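Novice: Protein chains in written order, with this note's numbering: chain V, 1 to 290; chain B, 1001 to 1367.
Since the hints were derived computationally from the structure, they do not count as laboratory data.
Owing to the predicted nature of the structure, the values given are computational and were not obtained by experimental measurement.
Every residue gets a Cβ at the ideal spot worked out from N, C-alpha and C, and that includes glycine.
Some clues are possibly wrong.
[As the list claims (entries may be wrong)] Using 30 Å as the maximum straight-line C-alpha spacing, the simulated DSBU-like pairs for lysine-lysine come out as follows:
1. V:LYS162 / V:LYS32
2. V:LYS85 / B:LYS1321
3. V:LYS32 / B:LYS1321
[Claimed, not checked] Where chain V lies over chain B, by a calculated footprint (3+ residues, C-beta under 8 Å):
4. 1125-1131
5. 1140-1146
6. 1302-1309
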Amino acid sequence: MIWLNVIVSGVLLGGFYALFACGLSLMFGVMKIINLAHGDMAVVAGYTAVFLVPKFHLPEVWSFLVVVPIFALLGYVVQRTLLQKSIDRDPFTTLLVTFGLSVVIENLLLEIYTANAQSINIGSLISKSFAVNSTIYVSYLSLTVLIVSIVVLGALQLFLSKTSTGRQIRAVSDDREAAQLCGTNYRHIFGIASALAFATVALAGIAYGMYSSISPTAGGVNLLFAFETVVIGGIGSLWGTLVGGMLLGIAQMFGAHFNEQYQVLAGNILFLVVLAIRPRGLFGKKVVMS
Amino acid sequence: MSTDEIAVDQSVSVTRHQIPVAYTVAGAIVLTIFFTWAPWLLPASWVTILMNFFILVIMATMWNLLAGYAGMVSIGQQAFIGLGAYATLYFAIKGMDPFVAIPLAVVVCAVIAYPVTFLLFRLRGGYFSVATWVIADSAALIIGSIAFFGGGTGHYLPGLSGIAFKQLNHDIYLAAWFVALIVIVATYILLRSRLGLVLSSVRDNEVAARSSGAKVTSTRRTIFIVAAAGCGAAGAVLAISQPFLQIGNEFNLQWAAEMLFASMIGGLGTIEGPILGCIIYFVLQQTLQNYGAWYLIIFGALAVGVAIWQPRGIWGFIRDKFHFELLPVGYRVQATGVTQAVPGPSIDWRPWRRGGETPPEEGSDSS
Chain V
1 MIWLNVIVSG VLLGGFYALF ACGLSLMFGV MKIINLAHGD MAVVAGYTAV FLVPKFHLPE
61 VWSFLVVVPI FALLGYVVQR TLLQKSIDRD PFTTLLVTFG LSVVIENLLL EIYTANAQSI
121 NIGSLISKSF AVNSTIYVSY LSLTVLIVSI VVLGALQLFL SKTSTGRQIR AVSDDREAAQ
181 LCGTNYRHIF GIASALAFAT VALAGIAYGM YSSISPTAGG VNLLFAFETV VIGGIGSLWG
241 TLVGGMLLGI AQMFGAHFNE QYQVLAGNIL FLVVLAIRPR GLFGKKVVMS
Chain B
1001 MSTDEIAVDQ SVSVTRHQIP VAYTVAGAIV LTIFFTWAPW LLPASWVTIL MNFFILVIMA
1061 TMWNLLAGYA GMVSIGQQAF IGLGAYATLY FAIKGMDPFV AIPLAVVVCA VIAYPVTFLL
1121 FRLRGGYFSV ATWVIADSAA LIIGSIAFFG GGTGHYLPGL SGIAFKQLNH DIYLAAWFVA
1181 LIVIVATYIL LRSRLGLVLS SVRDNEVAAR SSGAKVTSTR RTIFIVAAAG CGAAGAVLAI
1241 SQPFLQIGNE FNLQWAAEML FASMIGGLGT IEGPILGCII YFVLQQTLQN YGAWYLIIFG
1301 ALAVGVAIWQ PRGIWGFIRD KFHFELLPVG YRVQATGVTQ AVPGPSIDWR PWRRGGETPP
1361 EEGSDSS
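With these hints in hand, go ahead and build the complete structure from the sequences.
Specialist: Here's what the structure looks like:
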């Protein structure tokens, strides 16, 4: 029964990790870049929900209605300006630029809002849960995040496979030059992919702020979890990301079951084991990793 | 012309040094004497600043070797800074003089780095970067869970209490300075060796280098281990200079940020660049020391700007503009009309050719 509890809480946590990771996966899949400021974007989204949304006289539960569109726009703008400039140079520059951004954002938040942790106030919803049986309780919030995560991944999958823009995104991701020859403006497509990635990371940041509290330095750790999720699940597979998140969540809960200190370490070990025996991830295509 | 001589285009000269070697050596000797004498010449606060400066110089030089010359963007070098610091702590607890423990800490880091490369080299580019971070995170978590090292609360480095404060400060300064000197000289020799030649060929065209028989993976492995050892030395000196060791401090991501920004701003792919970057860092930090983390924000923003608009960094800009190098590792080809025999093949003297082609992407090459 204890193990069932570990698995249930791991799966719930995994939904959150998958939500966090799908933006990272999308940006890598389309633009072949790793946004090292991905985790910090989530933190900024959380801070926006805490400090900006109350100015609209909106309950904080609904903050995503404001924050997600802002972040989609921000994603497009950041891509078309800063990121595109560094992609034009080489992948190496992208890493340096996004890492620089990450450190700058973290320290700006520290200077402006201090190191105090903030959380998004959702009232009594935080503590409400239902009992599966006498030992296992599932909180409505975690369940909602898991459902949101599945819906977001499903919608992304549908968008990429059914719509014209989605097809263009896949085309650019497969072969940028060929897509360009067929009349696709790849910079615009990059912008759209980046907008989607930022929108999902904003959702993840808000979920994180509701779950627990966000501090300016939370970005780094969350980038690691998102990255581990992507690698475990397999690069380029959205459903793989969901499974990867769940496996990471279960591994972490398994570690935490023995000792609170081992939670993150157990996840890292799973990541390193997957890397050692199956570097392309569980559901990854046999693709080149650059 | 006999058959065993190399045919040379008589209209060009190929030289390595621009300023006479004797001047470079004399300059190096003067600087060495000055910095070795510095504790007796300068006020104590200056000595402390210079000590921290040299620790950062070690880190930045090692990061430059990794990223600037071997193309491996690691954001997990704090792993080896932490491991170097904690190895020193281990030997000190066992009764060893912490200063004697520095070379042992270096060996420990090199030994740990070797198996790590087999995991890391399965990944390239950005995935390599984040994986180095995962390694650093795991190392911090493992060391942090060992009660012998004080766990999460921290541990004092024993073995330093018998030394007078002023004497101790001098000793730590000299340790930092000598390690920095060794690291810079070793890097210079390494880059002028056959290994440096392989690195330049890989950077310019990896496929061509591989097909010409360059042992790319083992060269990268050597560089990674050297960089780990160097960061281990920096960590060991750091542990002695700040003898209360805490996981959060020794394994801080900020070390990775500082070494990255300093070499980026100064100029990747040059030996002088990272040192210049460290000077800029310390000028900024000392000027803005009353304004919290703003120095780091400005330094980071500067690094982002340099990466986008001036990717060769400040020293690279000076070199390209004035064709001037203090510590050349390549050769210069000039159309002077002076005839000279060339002992070996000439190579492109511009060590950092960027913006053009990027190295080809490949799958796992951990052989």
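Novice: Which of the listed hints are broken here?
Specialist: 3
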